[in-house]
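Protein sequences, first through last, are from chains Y and H. Residues 1 to 128 (the working numbering) make up the first sequence, in order. Residues 1 to 258 (the working numbering) make up the second sequence, in order.
Please note that a few of the clues may not be correct.
[Said to hold, decoys possible] Per label pair, the in silico range of CB-to-CB distance: (1) 44(H) to 22(Y): 44 to 52 Å; (2) 100(Y) to 15(H): 51 to 59 Å; (3) 166(H) to 73(Y): 43 to 51 Å; (4) 110(Y) to 107(H): 22 to 30 Å.
Because the hints were derived from the structure by calculation, they are not lab data. The C-beta atom is built at its ideal place from N, Cα and C for all residues, glycine as well.
These are the residues of each chain, in order.
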Amino acid sequence: MNDSKNPLSPHIQIYRWHISSLLSITHRISGVINLIALISIFFWLTVLSLGENNYETFLFIVNSFFGKFILIGFTWSMSFHVLSGIRHLVWDMGYGFEIKTANFSGIVVIISSLLLTIIFWLFARGFI
Amino acid sequence: MVQFNLPKNSKILKGQYFKDKTGSSNLKIVHIYRWDPDKNENPREDTFEIDLNSCGNKVLDILNKIKNEIDSSLTFRRSCAHGVCGSCAMNVDGVNTLSCMKSHKEIKGDLRIFPLPHLKVVKDLVADLSKLYRQYESIEPWLKTKNSKSKKNEINQSKKSREKLDGLYECIMCACCSTSCPSYWWNSEKYLGPAVLLQAYRWISDSRDDEKKERLKKVADKLKLYGCHTIMNCASSCPKGLNPAKAIGSIKKMLATS
Numbered sequence: 001m002n003d004s005k006n007p008l009s010p011h012i013q014i015y016r017w018h019i020s021s022l023l024s025i026t027h028r029i030s031g032v033i034n035l036i037a038l039i040s041i042f043f044w045l046t047v048l049s050l051g052e053n054n055y056e057t058f059l060f061i062v063n064s065f066f067g068k069f070i071l072i073g074f075t076w077s078m079s080f081h082v083l084s085g086i087r088h089l090v091w092d093m094g095y096g097f098e099i100k101t102a103n104f105s106g107i108v109v110i111i112s113s114l115l116l117t118i119i120f121w122l123f124a125r126g127f128i
Numbered sequence: 001m002v003q004f005n006l007p008k009n010s011k012i013l014k015g016q017y018f019k020d021k022t023g024s025s026n027l028k029i030v031h032i033y034r035w036d037p038d039k040n041e042n043p044r045e046d047t048f049e050i051d052l053n054s055c056g057n058k059v060l061d062i063l064n065k066i067k068n069e070i071d072s073s074l075t076f077r078r079s080c081a082h083g084v085c086g087s088c089a090m091n092v093d094g095v096n097t098l099s100c101m102k103s104h105k106e107i108k109g110d111l112r113i114f115p116l117p118h119l120k121v122v123k124d125l126v127a128d129l130s131k132l133y134r135q136y137e138s139i140e141p142w143l144k145t146k147n148s149k150s151k152k153n154e155i156n157q158s159k160k161s162r163e164k165l166d167g168l169y170e171c172i173m174c175a176c177c178s179t180s181c182p183s184y185w186w187n188s189e190k191y192l193g194p195a196v197l198l199q200a201y202r203w204i205s206d207s208r209d210d211e212k213k214e215r216l217k218k219v220a221d222k223l224k225l226y227g228c229h230t231i232m233n234c235a236s237s238c239p240k241g242l243n244p245a246k247a248i249g250s251i252k253k254m255l256a257t258s
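All chains, please: the whole structure from these sequences, using the hints.
If you want it as structure tokens, here you go:
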């Protein structure tokens with residue numbers, strides 16, 4: 001039926017979110033954020049080559065509340081994407097497709113990504 | 001390009017309100033998607049007050065009650081009412097399911113019913129599944145044998161080989177899974193979708209079939225098969241408790257290891 005007068009039934013607007021679908025979209029979004037993070041690392045190196053004054057400005061931005069928020073966000077995004085990627089690899093090996101298992105592994109990924117971010121920053125700040 | 005919004009002619013407007021006439025205190029508010037092909041109007045969401053004291057437990061009972069007692073123009077597919085035929089698949093309370101299997105008592109608050117997602121609507125809760133049926137045909141869902149002898153005699157199957165079809169043969173092709181899949185919503189031209197891939201795997205796994213390799217080769221396509229990103233909406237929505245995501249994973253694994 002290609003009749004364009006027939007409406008399209010609602011989809012994402014009405015479909016209930018599950019842990020699995022939420023994690024799937026978050027995996028994609030964190031992948032994009034990781035790309036931005038990588039570009040930012042190159043930007044950091046570029047600023048470094050531009051001399052002391054520019055680097056001071058850069059440090060000021062990074063050390064601001066906003067800058068810290070972004071940096072912590074980057075580490076969380078990287079942690080999440082790596083752990084969620086491992087979950088995908090386990091699926092590719094043929095394990096963990098049962099709904100209960102998949103929900104459990106999803107929650108494990110969320111909690112561990114937060115823990116990993118906290119550990120990373122404790123380590124970076126010299127608390128560990 | 002992925003389109004998240006509904007096209008202009010598909011935006012849902014507020015519809016009619018059918019007030020309860022029985023004076024019952026046990027009411028359920030039910031919102032139902034309506035679209036009439038004979039009128040040149042956008043779809044609308046009608047609201048019905050349903051007296052639960054005189055209604056069966058299933059969502060289909062509510063639909064039948066509306067059709068019999070309140071608005072006979074309400075259109076929906078149904079047949080067996082026992083979860084065998086797959087006709088009454090629709091989106092109930094945000095998840096695709098068979099309305100004859102789903103109890104409305106499990107649903108708190110208002111009940112919302114839509115047709116299966118991201119399909120062309122034929123009328124009210126009836127959506128067009130012809131594309132999915134064409135894709136089903138494309139995987140050639142019938143036994144193929146090369147040996148001419150086996151065409152005359154019965155082909156025996158060991159218990160173990162037969163067991164490989166468990167969790168696959170029970171599929172009734174109600175399309176709940178395929179139309180729950182975001183990947184299928186936006187790539188249904190190329191991606192086969194969970195229902196059809198589960199069937200593809202059902203024939204790949206059949207010990208009596210002689211074309212396992214050809215079947216695998218045919219389905220091994222960047223979009224036909226690998227459109228699946230393990231979102232798992234299919235497995236959570238299947239009213240028969242099957243797991244299309246696992247079947248797709250098994251095909252991917254077979255291809256990776258063969």
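Here's how the hints hold up against the structure:
About 30 Å separates the C-beta atoms of residue 44(H) and residue 22(Y), a value inconsistent with the hinted range of 44 to 52 Å. Checked against the hint of 51 to 59 Å, the C-beta distance between residue 100(Y) and residue 15(H) comes to roughly 39 Å, which is inconsistent with it. Taking 43 to 51 Å as the suggested C-beta distance range, the pair residue 166(H) and residue 73(Y) conforms, at roughly 46 Å. Restraint check, residue 110(Y) to residue 107(H): a C-beta distance of roughly 27 Å satisfies the suggested window 22 to 30 Å.
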